[in-house]
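K.L.:
Take a look at the letters that make up each chain.
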Amino acid sequence: MITAFIQSSIPLGVPLLFGSVGEIVTEKSGHLNLGIPGIMYAGGIGGVIGAFLYEQACGNQLANMNPFLAVIIPLLVSILFSVLMGLLYSFLTVTLRANQNVTGLAITTFGIGLGNFFGGSLVKLTNSELPSVILTKTSGFFRASLPFADDLGWFGRIFLSHDFLTYVSILIAIVVSLILNRTRIGLNLRSVGESPATADAAGINVTRYKYMATCLGSAIAGLGGLQYVMAYANGVWSNDAFGDRGWMAIALVIFAIWKPLLAIAGSFLFGALCNINNYLPGLGIETKELFKMLPYIVTVVVLIITSMRKKREYQPPQSLGLAYFREER
Amino acid sequence: MSTVPAIELQNITKTFGSVVANKSVSLTVNRGEILSILGENGSGKTTLMNMISGIYFPDEGQIFIDGEEAVIASPKDAFDYKIGMIHQHFKLVDVFTATENIVLGLQEEGRYNLKVAQKKVQDICERYGFDVDPKKKIYTMSVSEKQTVEIVKVLYRGADILILDEPTAVLTPQETQKLFAVLRRMRDDGKAIIIITHKLHEVLSLSDKVAVLRKGEYVGTVNTAETNESELTEMMVGKKISLNIERSEPKNVTPRLEVHHIDCTNREGVLVLDDVSFTANAGEILGIAGIAGSGQRELLEAIAGLQKLDSGAVLYNNPQTGNMDNLCSKTPLQIRELGVRLSFVPEDRLGMGLVGNMDIIDNMMLRSYTKGKGMFLERKAPKDLAEHIIEDLEVVTPSATTPVRRLSGGNVQKVLVGREIAASPTVLMAAYPVRGLDINSSYTIYNLLNDQKERGVAVIFVGEDLDVLLELCDRILVIGSGRVTGVVDARTATKEEIGLLMTKTEGDAQHG
Numbered sequence: 005m006i007t008a009f010i011q012s013s014i015p016l017g018v019p020l021l022f023g024s025v026g027e028i029v030t031e032k033s034g035h036l037n038l039g040i041p042g043i044m045y046a047g048g049i050g051g052v053i054g055a056f057l058y059e060q061a062c063g064n065q066l067a068n069m070n071p072f073l074a075v076i077i078p079l080l081v082s083i084l085f086s087v088l089m090g091l092l093y094s095f096l097t098v099t100l101r102a103n104q105n106v107t108g109l110a111i112t113t114f115g116i117g118l119g120n121f122f123g124g125s126l127v128k129l130t131n132s133e134l135p136s137v138i139l140t141k142t143s144g145f146f147r148a149s150l151p152f153a154d155d156l157g158w159f160g161r162i163f164l165s166h167d168f169l170t171y172v173s174i175l176i177a178i179v180v181s182l183i184l185n186r187t188r189i190g191l192n193l194r195s196v197g198e199s200p201a202t203a204d205a206a207g208i209n210v211t212r213y214k215y216m217a218t219c220l221g222s223a224i225a226g227l228g229g230l231q232y233v234m235a236y237a238n239g240v241w242s243n244d245a246f247g248d249r250g251w252m253a254i255a256l257v258i259f260a261i262w263k264p265l266l267a268i269a270g271s272f273l274f275g276a277l278c279n280i281n282n283y284l285p286g287l288g289i290e291t292k293e294l295f296k297m298l299p300y301i302v303t304v305v306v307l308i309i310t311s312m313r314k315k316r317e318y319q320p321p322q323s324l325g326l327a328y329f330r331e332e333r
Numbered sequence: 246m247s248t249v250p251a252i253e254l255q256n257i258t259k260t261f262g263s264v265v266a267n268k269s270v271s272l273t274v275n276r277g278e279i280l281s282i283l284g285e286n287g288s289g290k291t292t293l294m295n296m297i298s299g300i301y302f303p304d305e306g307q308i309f310i311d312g313e314e315a316v317i318a319s320p321k322d323a324f325d326y327k328i329g330m331i332h333q334h335f336k337l338v339d340v341f342t343a344t345e346n347i348v349l350g351l352q353e354e355g356r357y358n359l360k361v362a363q364k365k366v367q368d369i370c371e372r373y374g375f376d377v378d379p380k381k382k383i384y385t386m387s388v389s390e391k392q393t394v395e396i397v398k399v400l401y402r403g404a405d406i407l408i409l410d411e412p413t414a415v416l417t418p419q420e421t422q423k424l425f426a427v428l429r430r431m432r433d434d435g436k437a438i439i440i441i442t443h444k445l446h447e448v449l450s451l452s453d454k455v456a457v458l459r460k461g462e463y464v465g466t467v468n469t470a471e472t473n474e475s476e477l478t479e480m481m482v483g484k485k486i487s488l489n490i491e492r493s494e495p496k497n498v499t500p501r502l503e504v505h506h507i508d509c510t511n512r513e514g515v516l517v518l519d520d521v522s523f524t525a526n527a528g529e530i531l532g533i534a535g536i537a538g539s540g541q542r543e544l545l546e547a548i549a550g551l552q553k554l555d556s557g558a559v560l561y562n563n564p565q566t567g568n569m570d571n572l573c574s575k576t577p578l579q580i581r582e583l584g585v586r587l588s589f590v591p592e593d594r595l596g597m598g599l600v601g602n603m604d605i606i607d608n609m610m611l612r613s614y615t616k617g618k619g620m621f622l623e624r625k626a627p628k629d630l631a632e633h634i635i636e637d638l639e640v641v642t643p644s645a646t647t648p649v650r651r652l653s654g655g656n657v658q659k660v661l662v663g664r665e666i667a668a669s670p671t672v673l674m675a676a677y678p679v680r681g682l683d684i685n686s687s688y689t690i691y692n693l694l695n696d697q698k699e700r701g702v703a704v705i706f707v708g709e710d711l712d713v714l715l716e717l718c719d720r721i722l723v724i725g726s727g728r729v730t731g732v733v734d735a736r737t738a739t740k741e742e743i744g745l746l747m748t749k750t751e752g753d754a755q756h757g
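From first to last, the protein sequence lines stand for chains R and B.
Count the first sequence with the working numbering and you get residues 5 to 333, in order.
Count the second sequence with the working numbering and you get residues 246 to 757, in order.
In short, the hints are calculated from the structure, not lab data.
Ideal Cβ placement from N, Cα and C applies to all residues, glycine included.
Take these hints with a grain of salt, some might be off.
Negatives, chain B to chain R, calculated, CB over 12 Å [claimed, not checked]:
#, residue
1, SER298
2, PRO320
3, LYS321
4, ASP339
5, GLY350
6, ARG429
7, GLY465
8, ALA558
Once the Cα atoms are required to be at most 27 Å apart in a straight line, the calculated DSSO-like pairs of lysine-lysine come out as [as the list claims (entries may be wrong)]:
#, chain 1, residue 1, chain 2, residue 2
9, B, LYS382, B, LYS365
10, B, LYS423, R, LYS315
11, B, LYS423, B, LYS628
12, B, LYS423, B, LYS460
13, B, LYS460, R, LYS315
14, B, LYS382, R, LYS263
15, B, LYS380, R, LYS315
16, B, LYS496, R, LYS315
17, B, LYS391, B, LYS381
18, B, LYS360, R, LYS263
19, B, LYS381, R, LYS315
20, B, LYS391, B, LYS327
21, B, LYS381, B, LYS364
22, B, LYS360, B, LYS381
23, B, LYS380, B, LYS365
24, R, LYS263, B, LYS618
25, B, LYS749, R, LYS263
26, B, LYS575, B, LYS625
27, B, LYS391, R, LYS315
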């Protein structure tokens, strides 16, 4: 029972982890990207389009699909979509110095619209009865797990039975943490987010760092959308099914006090909170709905607690949300 | 010494919108030479230096380094030419350690290794006699420690052309002497040094040549050995002015503000004021001396009702009712409603005193918006006041409707001090009101403070230049690490005496 609960909670946390690590990278450059929900959505639909095109190309011989191509094509299309979204956000906020919050919200609206447009179009193309795009075959490749995982009892099921993107998400979080804290690039990036004028005076190309961080962050976040549709949802894309995971990912950044390693713990905790209503015995439909509120309640509580933290290291990057213009007086 | 100048500027021009910051400026500095740049506020000294360090790009003109034309399009280009600038507003990341700030942006050979960098930082500190903990976070440092980090940062990069923008504004006399010794040693090492300062005696004691700017234009360069204070002032201002503070004997001295045993803890949980007691008298200027960050700010904020106290009382002797009012339990607005008028010039003039994006008139209205009848704001009086201040204090601005953010530091300060004095206060507190101001405007402000004193205002003046404190004030309260370490009579005390009092409790504070 507990094993099953944990095992089924982990995939729920993965999109949140991708989303929050992506947002951490972006925020470290001083950009509050509220476009993350839209970017994750776009990353998801990108994966669906890639998989759809490859499945179509294989026609009736789905059995002959090359596992490598079946994974890499959706992956690359997904990254392409989310990077383009990130590029648009960077162009507006870095180069044109538009207001970050407004731009971010516009990107979210745009990303969701984009996803629903392509989602709807694909449903139409397949002449499906259901309002969904179904890519079970591709999903199968994404969901492939270690064959011996189930033989290792609870340990295997909790730690080894997941799709490869789950491990990728944890790996990315660890690598991002190392880059931020142990490398010159990380030091430079953090200084850009804290004080762009200082970074600029130190000879760091502030604009390049902001673009790179935002686009990289978007690519990471977009993988969350891909993992959701391909692994968690078994390759079934339905418009608006992704829900508000993107917003939770942004809230998680604050929960994790801008530390990717804490984001790992936070994401799986939130995944478990989303899942707990399915595992508590004796819940009626109405009480289940109450338990579904848990992640949001925790988010509110966390926001209250974190805003009371006083230590300087726990504060957001100092120039988060502010545009930088060198000759500003 | 080679005959080719280390750096040469020819006909540099820079404009910001309609404001001409530099107009056809030419300068040369040789290796092994210290050049001082003098000029009033808004005369474009900092702008000029920012063009050498790559922050701004000149609209016209050329820069030559070692005789060859150089294009300095970014700070990185400046490093490549071995130019290092120590800015007036420190360019440091608060949450980083000293070492992290020093290595920031560097492309050193080999792996990124903070331990190696720390060692190198320590070596530089030992060589020049600096006292910096490489692992200390910037936000826990005092202003003078931060400046040391800035200087070490430039040295770490192996700069040969050093630019210092008002480096002594925040230092104690002892620290200033130490800094000058370092600068002289670097000069003897063959480095070219450019220093911006307003203190004439520093210009005379330190530099080899002095270049003077006036309203963005280059007036001329003179050899320090062949000039004197009054000649320099005349070049700078364009007319002869007298540099005397006329200190009158205090009249009708009565206690106005009594501070009793106040304790105060800041947000980080550090005790910043420890059992502070003193009396400020009407008709007297009380100076407050101390190393930057010793609790001056909190003390003034406590009196103005902006800082919560742990214990103690601030009693105000109300001249209208004759009552003693306790200011501690009141909000800043209540303090004003009671007829208790405190005019407060905060240290951070743009952050707390003025709104950068608003123009001068609107900033005047921040104090008067509750006045006037009906639902509309009264605009006439603030407009008159703004024009009055611009004229009386010679504020350099295109018009009264220019956002204050666009004015130079000194002009911003004049607007703020002018507004506070116009409120005809009974207690006037001024923290570093002349920070970054040139001589002419500094003396304007000193005279304004003296004027207020003669009108029976209790003036509290937090200053950094001990010469000025001794000349201007009647009594000087010295604080060290949040504690009162002494009260001296400004007419008889010496600079050394105050310097010793300022550092008196430093040793205890480091243990606690």
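K.L.:
A separate judgement is required for each hint: does it hold in the structure or not?
P.N.:
Results for each hint:
no. : hint                : verdict
1   : SER298              : violated (7 Å)
2   : PRO320              : violated (5 Å)
3   : LYS321              : violated (3 Å)
4   : ASP339              : violated (7 Å)
5   : GLY350              : violated (3 Å)
6   : ARG429              : holds (26 Å)
7   : GLY465              : holds (27 Å)
8   : ALA558              : holds (27 Å)
9   : LYS382/B - LYS365/B : holds (18 Å)
10  : LYS423/B - LYS315/R : violated (34 Å)
11  : LYS423/B - LYS628/B : violated (47 Å)
12  : LYS423/B - LYS460/B : violated (32 Å)
13  : LYS460/B - LYS315/R : violated (44 Å)
14  : LYS382/B - LYS263/R : holds (19 Å)
15  : LYS380/B - LYS315/R : holds (17 Å)
16  : LYS496/B - LYS315/R : violated (49 Å)
17  : LYS391/B - LYS381/B : holds (10 Å)
18  : LYS360/B - LYS263/R : holds (23 Å)
19  : LYS381/B - LYS315/R : holds (15 Å)
20  : LYS391/B - LYS327/B : holds (22 Å)
21  : LYS381/B - LYS364/B : holds (14 Å)
22  : LYS360/B - LYS381/B : holds (14 Å)
23  : LYS380/B - LYS365/B : holds (13 Å)
24  : LYS263/R - LYS618/B : violated (54 Å)
25  : LYS749/B - LYS263/R : violated (42 Å)
26  : LYS575/B - LYS625/B : violated (31 Å)
27  : LYS391/B - LYS315/R : holds (20 Å)
In summary, the numbered hints that this structure violates are 1, 2, 3, 4, 5, 10, 11, 12, 13, 16, 24, 25 and 26.
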